[in-house]
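The primary structure of each chain is shown beneath.
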Amino acid sequence: MIQLPTHRYGLIFRLVEENDAAFILGMRTNPKLSRHVSPVENDLDAQKSWICNYKQREARAEEYYFLYTDMQNQPLGVFRLYNIDGATVTSGSWLAERDNNALDSIKADLFLTSIIFEELNFECCMIDVRKENKKLVRYHKMFFTQTGEDEQNIYLEMRREGYMRKHKFLTDIIDPK
Amino acid sequence: MNIETFVKEFAEQFDEIPDEPFTADTLFKENEEWSSMTALLVIAMIDQSYSVRLTGDDVRKSLTINDIYTIVVSKANA
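So the protein lines, in turn, are chains W and F. Following this note's numbering, the numbering of the first sequence begins with 15 at its first residue and continues without gaps. Following this note's numbering, the numbering of the second sequence begins with 5 at its first residue and continues without gaps.
Everything labelled a hint here was simulated from the structure, so no lab data went into it. Mixed in with the good hints, there may be bad ones.
To be verified - What follows is a set of in silico ranges between Cβ atoms, one per label pair, in the way DEER data are often shown:
(1) W/S48 - F/I7: 31 to 39 Å
(2) W/A73 - F/K12: 31 to 39 Å
(3) F/R57 - W/N56: 36 to 44 Å
(4) F/N6 - W/E76: 53 to 61 Å
(5) W/V54 - F/E13: 37 to 45 Å
(6) F/M5 - W/L47: 34 to 42 Å
(7) W/K145 - F/I7: 44 to 52 Å
(8) F/T9 - W/A73: 51 to 59 Å
(9) W/T43 - F/R64: 26 to 34 Å
(10) F/R64 - W/E55: 32 to 40 Å
(11) F/N70 - W/N67: 31 to 39 Å
(12) W/T43 - F/M5: 43 to 51 Å
Backbone N, C-alpha and C fix where the C-beta goes; we use that ideal spot for every residue, glycine too.
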């Protein structure tokens, strides 16, 4: 299992706790940050309750909801691993504060990808991306293979070969040797 | 390699057409659309079109499109 919290690439990664509810809700109700995710009610108690239920799924190793912060513990973003089914996992629920100059969300994606394939030893990562989120579609198509689509979403998967290419590409950018 | 083509390829990484067209002197980080994701797509475009791998630091220390272009030229000729 992953040892958390952990420090990587100048960020701190840990699992979400109930007292993160206000931060998450703030991002989910910010129209600029959440325009490509499902809308939620601005209800802090409902968000806390959702996290309480999630913590039970986390305890059963069914789901992991990560939060990353800067080195001063200022929260910056979240992402989630769910639909764990044998060697396959789905990643999603990405939300991040704007980071104009720090490449923080790319660092977080590098961390997430490494966790999936190196520490949790999954063989396949699946995602779905809103078609209107054109940049994200272009980004994921660099490493993922499209497996389907519907009116709203594109569905993709990445296996270990894609992971290896992605890991090298992002490491060369974030942490060049 | 020329700066006019480079500016055009750089601008293509943005979804929205800005009010002021991009030029070599555009302060690209002031664009509303600039983000980690845009940076990564710019880096990927440069990797594909110019066979040059920029780093996060290259992007961090650049302010204008010309700053990025200068780094690409320098790395391509290294």
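To see whether the hints hold, each was checked on the structure:
Between W/S48 and F/I7 the Cβ separation comes to about 37 Å, which falls inside the hinted range of 31 to 39 Å. Distance hint check: the CB atoms of W/A73 and F/K12 are about 53 Å apart, inconsistent with the given range 31 to 39 Å. At roughly 43 Å, the beta carbons of F/R57 and W/N56 sit within the given window of 36 to 44 Å. Between F/N6 and W/E76 the CB atoms are about 54 Å apart, so this pair conforms to the stated range of 53 to 61 Å.
Between W/V54 and F/E13 the CB atoms are about 38 Å apart, so this pair conforms to the stated range of 37 to 45 Å. Separation of F/M5 from W/L47 is about 37 Å and conforms to the stated range, judged on CB atoms against 34 to 42 Å. Checking the proposed 44 to 52 Å range against W/K145 and F/I7 shows it is violated: the Cβ atoms sit about 33 Å from each other. Distance hint check: the CB atoms of F/T9 and W/A73 are about 55 Å apart, consistent with the given range 51 to 59 Å.
Checking the proposed 26 to 34 Å range against W/T43 and F/R64 shows it holds: the Cβ atoms sit about 30 Å from each other. Distance hint check: the CB atoms of F/R64 and W/E55 are about 38 Å apart, consistent with the given range 32 to 40 Å. Taking the beta carbon of each, F/N70 and W/N67 are about 52 Å apart, not inside 31 to 39 Å as hinted. The given range of 43 to 51 Å is respected by W/T43 and F/M5, whose C-beta atoms sit roughly 45 Å from each other.
Checked against the numbered hints given earlier, this structure breaks hints 2, 7 and 11; the rest are met.
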